[in-house]
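Each chain, letter by letter, is given below.
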Amino acid sequence: MKTRFPWLPVLLWTLISFVTLFPIYWLFVISVKQPFDLFSTPDVILRSFFWKNYQDVLTNPTLRGYMLNSLIISSGNALLVTTLGFLACYALTRFDLAGKESIFFWTITNRMAPPAVFLLPLFLLLTQVYRIGDFSLADSKLGMILVYCSFNLPFAIWTLRPTVEGIPKELDEAAYMDGASPWTVLYDIIFPLARPGLAVTLILTWVFAWNEYLLAATLTNFHARTLTTGLSEYVTTTGTAWGIMAAISMLTLVPALIVFSVVQRHIVAGLTFGAVKG
Amino acid sequence: MHSQKLGWLLLSPTIVILGLFGIFPFIYVLWVSFHSWNPFAANPGMVFNWAENYRRLVFDPQFLASLGITLTFVFFAVVSELVLGYILAQALLKDFPGKAVFRTIHTLPLIMAPIIVGSVWKLMTTPSIGIIPYLLRSWFGYDLNIGQSAVAAFTVTVIMDIWHWTPLVTLSLIAALVSLPSDPFEQAQIDGAGKSQIFWHITLPLIRPALLATVFIRLMDALRTVDEVLMLTGGGPGSSTRYIGVHIFREVFPKTNYGYGSAISVIVLYLTIVVCWLLYVGLIAPRVKRG
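Protein chains in written order, with our numbering: chain V, 1 to 278; chain R, 1001 to 1291.
To be clear, the hints were calculated from the coordinates, so they are not data collected in a lab.
Output of the computed footprint for chain R on chain V, the stretches with three or more beta carbons under 8 Å from beta carbons of chain R:
#1 88-96
#2 160-171
#3 202-214
#4 248-257
Below are the BS3-like pairs computed for lysine-lysine, each with C-alpha atoms no more than 25 Å apart in a straight line:
#5 K1005/R to K169/V
#6 K1094/R to K1195/R
#7 K169/V to K100/V
#8 K1005/R to K100/V
#9 K1195/R to K1099/R
For glycine and all other residues, C-beta sits at the position ideal for the given N, C-alpha and C.
Whenever a hint applies, use it, and build me the whole structure from the sequences.
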């Protein structure tokens, strides 16, 4: 399929990209400015680079620990949520379960809760209720992985359902005729066809978990502290270290960008699949 | 079809986890909402006060005002995101040089943390040091001051939301559009249908499930926005950007008014559920019955 004027979309998208990229560019500008330049007249063009903020951040062992925690928590959460969401969507679209539409709707109500007021109940549950002997979910990576399910699992179920529903039922019915077990059908037929949808769900839930701030700031204090909460440590009563904050912010973008570009191949595969089908 | 037991087995982990981290905290919040409670006071006892918190809420002008501006904010932001997101998704389905690069660029805002988005927009729009007020002043002589003008602050929060979340709409619509069958479109073209006819009668009905899921997610997330706006404007000037999420945060943290904050949360959650449920029953359920 060829567009007649390939330069027109290119031109338009270049303009859109300027708007999209500007705040990120500005974040970068702030991260490489000398502290005393920050409050002078703003200038769109960058004239000098000051890398000390990045040096400070990258050599800081605490922040590196936070980054590792963030990676473990968001990857664990995204994998768990996408897997459970996929299983749930299969159950909701292929089985005739009593009240399944109500269950489907109920899942999303978990994402509607205003977060501020749920911080204390979650804190109390994690520190006092959800514990087995010495093992407690409070300030643990597993605890955060599970807590993030409250907003990510409904998201996964709601974004995946149209995908699973869109896979023709005739395909799995034919496989059942051939004597396949439900697990085989799920793995060999539904899973490959649902891949573009699963990829989108996986990156988005990963990103939501990676970016979460309020819950992490309240529910963790050392073992599971994440990078976004590390940011707030630079907002102090004596002023905000904007340069350091900007440098941390730029660094939080890097893993997200890597994850995104790795999974994007699958979305492209999904795009070709759509084209081949037609 | 096959055994219902297996279906419930597949659903059970979801139900258990959401029960433990969704329903349990909610029951606790519901219980607190019938008490007067300041957990950080010298005497942090919970006092049962019947429905006093709820009575107060109905007559609280600040809460009602906050509800009103939240709905205005959500309306402008979500409608713009849907229209823009759809146009951009369609544009990204066509083939043109550098498409993959542009798509990656377009997705970048989405991978930024709300707290960081709030900080950046604050740095860009603060009157004394921000680049946007500076450029607007030197190019158009317009003085943008989000610290003083309610309209300016409101507009900037809407633009920030559009900037941050349009890519989400685009992505999920791309996923929906690529999985569409091509037969109905070919048939319509053979029958000589126009572009707008194809859009209203074929594209729209076919992508409706995905579109509605996207609307729902955006609607409920916009309704509970906190970090971004709190960081950008802190709810001000006055209470012009004190959206409901920010309002609850202010009520619970600086004022430590836990019982009242819980009552607001319960009501807001209830209203959100009712609105979404009506949309769901009105728009999705008919399709399920037909299908």
